[in-house]
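Trainee: The residues making up each chain are set out below.
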Amino acid sequence: MNAAVARFGAKRRVWILLAPALVALTLFYFVPIAQSALYSLFDLRFTLNVGDARFLGAGNYVRALTSPVLWRAAAFTVTFAVVVVALDLAAGMVLALATYWVDKRFRTILRVLIIIPWAIPNVIQASIWRWLFDSDVGLIGDILVRVGVAASPPLFLVESELAALTIVITYVWKGAAISAIFCMAALATVPKEIVESAWIDGAGPLRRFVSVTLPMMIPVLLVALIFRSRDALRVFDVVYSLTGGGPGGSTETLSTLTYKTYFSFSQYGLGSAYAILSFLLIFSVATIYLLRLRREIHDPESL
Amino acid sequence: MKKLTFAIILVVLSPALFATGVGEQSNTVTIGYNRFLESAFGPGDPPIEVIRAAVAAEYPEITVEFNVLPDSIGGMRDAISVWMLAGDGTVDIYGIDTPWVSEFGRAGWATPLNGEIDGLSEFLTNGLDVFSYEGQRLGVPFWGSISGLYYRTDLLAEYGFDPPQSYDDLVEISETILSDRPEYTAFAWPGAQDEALVMVFSDFLYGFGGTYRDANGEYAFDSPEAIDALTFMKRLIDSGLSPAETTAWGAEEARRRFVEGTGIFLWHNHDLVTWLDDPERSAIADRWAFTTSPAQPGGRAVGVTGGFAFAMNPNTDAPEATRNVLEVIASRDVQRGFAMAWGPVQYYRGLYEDPEVLAANPNADRIEAVLESAIRRPPSFSYSQLSDILQVEIHAALTGRKSPEQALRDATTQIRQLD
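Chains H and U, in that order, give the protein sequences.
Numbering of the first sequence is given in my numbering, commencing with residue 1 and proceeding in unit increments.
Numbering of the second sequence is given in my numbering, commencing with residue 1 and proceeding in unit increments.
So here's chain H without its partners, still in its complex pose (with noise of 0.2 angstroms):
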């Protein structure tokens, strides 16, 4: 009887606990999905009112998937995410690794470093780089002008090609950071004594790193790569900044485009059906990242 009583009472504990993040997961997540989901189905333009607005049912899905601004901007989103997402977590590897390989005076130091760009807002962080890309009186096109790489500043905003790579790094520099402190701490898992074994056994740096410390840092890794995947598929603040899906559309990803149709264009139905198609291609990847990550705390040896 005692047993049972405590077991309700340990069941209701943990209700109670988890009730204030289900109920912040209901109001910001589910019911704005519903809500977009609803109004995907709907011509509304301008207005929210579903009850005067016309039916479409799939109207606006096939609206959006007959779009080629739609698999541009899909196609961009994902090319964006796997770049940045292997620079990010690549570079936060060396970063937090670099904590450990530096003098213990200068590894606070180096920490703060790190961090700085994390606590930098997105927008001004964007602000920042366009002044310094910009082609009139930006930083980056002077030097590269004085050291002769350029005859004239490149026109980083305004080449396609270079507009993306200037998305990508500023990206990155923050990205990395935020991937540094994912490393850092899975770092800090590794237990001291196996590495040390490693290194009695005679293993170098790079064997005692490959097969000792990264398969042990992979569960932290895991996650970290379903954050920032999830962010870079995301992206809007810095990608909206700097190029404002510019030039020609050719760096606009699916959250601009949702933004330019909802807030813009003032199209709610198909913005709404962007939203939805969004959240499933983000939906998608983070379910595979979280089955594998499931089957690595189930099944580590699986790796």
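For the record, the hints were derived by calculation from the structure and aren't laboratory data.
Note that beta-carbon positions come from the ideal geometry of N, C-alpha and C, so glycine has one too.
Among the hints, erroneous ones may be present.
So, partial list: chain U residues that the calculated Cβ filter (under 10 angstroms) puts toward chain H [as the list claims (entries may be wrong)]: (1) Ala-86; (2) Glu-245; (3) Trp-249.
Chain U is nowhere near these chain H residues, computed Cβ spacing over 12 angstroms in every case [as the list claims (entries may be wrong)]: (4) Val-82; (5) Trp-199; (6) Ile-200.
Got chain H; can you put chain U on it based on the hints?
Mentor: The following block gives chain U in isolation, referenced to the frame of chain H:
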């Protein structure tokens, strides 16, 4: 324990409950506009101060707050549309741009002011018409603009040229001067993917004999004249008469070299006339002129209009105070304040007969001829989308990713599907 919890909640919430003054109309009126409302380019005080002083004199119980919106027109529109969509009364009065009027009017995002603001009868009808939708007056105008061509009078005189009548003239003048002064920028204009690009293109379009719509009322952005216009714009960049950076320039970047004294021609709104003669802000004081954009034979020299009015948010929780503030803004004193601080164009009748206003606007007469050539931007119920399509496609042509012909065909196909 429960009582204590309830008491704590009550204490925490009580300031909010009292602060909202349930059932009472607020006497605070918030104006939403960009930071320029706090700036003066002429000898007058910043307009927000003029408004506050006039409101304080007429309605001392009303407080005027200022909500600074983004500088960019797009950013401002996005912020306002979010509030309107949410039925939010964060701003009671907001600046409405001329191209938004049809969209906002159709959406019911601006309270009709017919019969609500007596002072509107003192405005020039064409000024009010720009901010009207289906007969509803949606705004109190406070600034109008028109685009045109600035040129260096000293340079043209030195080389024996008259102001260019056609784009061929402009090219000839530019090439002659550049052969002597290669460090100069011949023709600066904003070519970034931005609203100003639509205005620039409109000038070129009409200048080459095109129009927004054909005789059947269909959008005609892919007409042979339009293709000629865009091809010429591209050629300006390719030939170096307009620098490669043009495609990254907004209006502010475009004017920089002209104002610094290393430009020959500049496409820009008329507003520089207010301060180009101020030696502290301009290196070309008394060495410039403003005229209508050129036109090729068979084309039409035009200037594209813009402008802002103050509209009333239908979601305001202070309708009476908001109407009172708008009434004050529509008064001669405040409109005069705008003319003293921002220069022309104001639509209030008789304003430019005021000696003090004339003294503060010595160059106002320079825009009279340009005003006669005024056209609106492409009319559409979906103007934001139309503008975005044009920006993307024109920019694609200017940066060489599409041919002018292809870009304009793509634009026209998409634009014809709007509305």
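Trainee: Hint by hint, say whether it matches the structure.
Mentor: Cross-check of the supplied hints:
1. Ala-86: Holds. Min distance 9 angstroms.
2. Glu-245: holds, 5 angstroms
3. Trp-249: Result: holds, 8 angstroms to nearest chain H Cβ.
4. Val-82: holds, 23 angstroms
5. Trp-199: holds, 54 angstroms
6. Ile-200: holds, 59 angstroms
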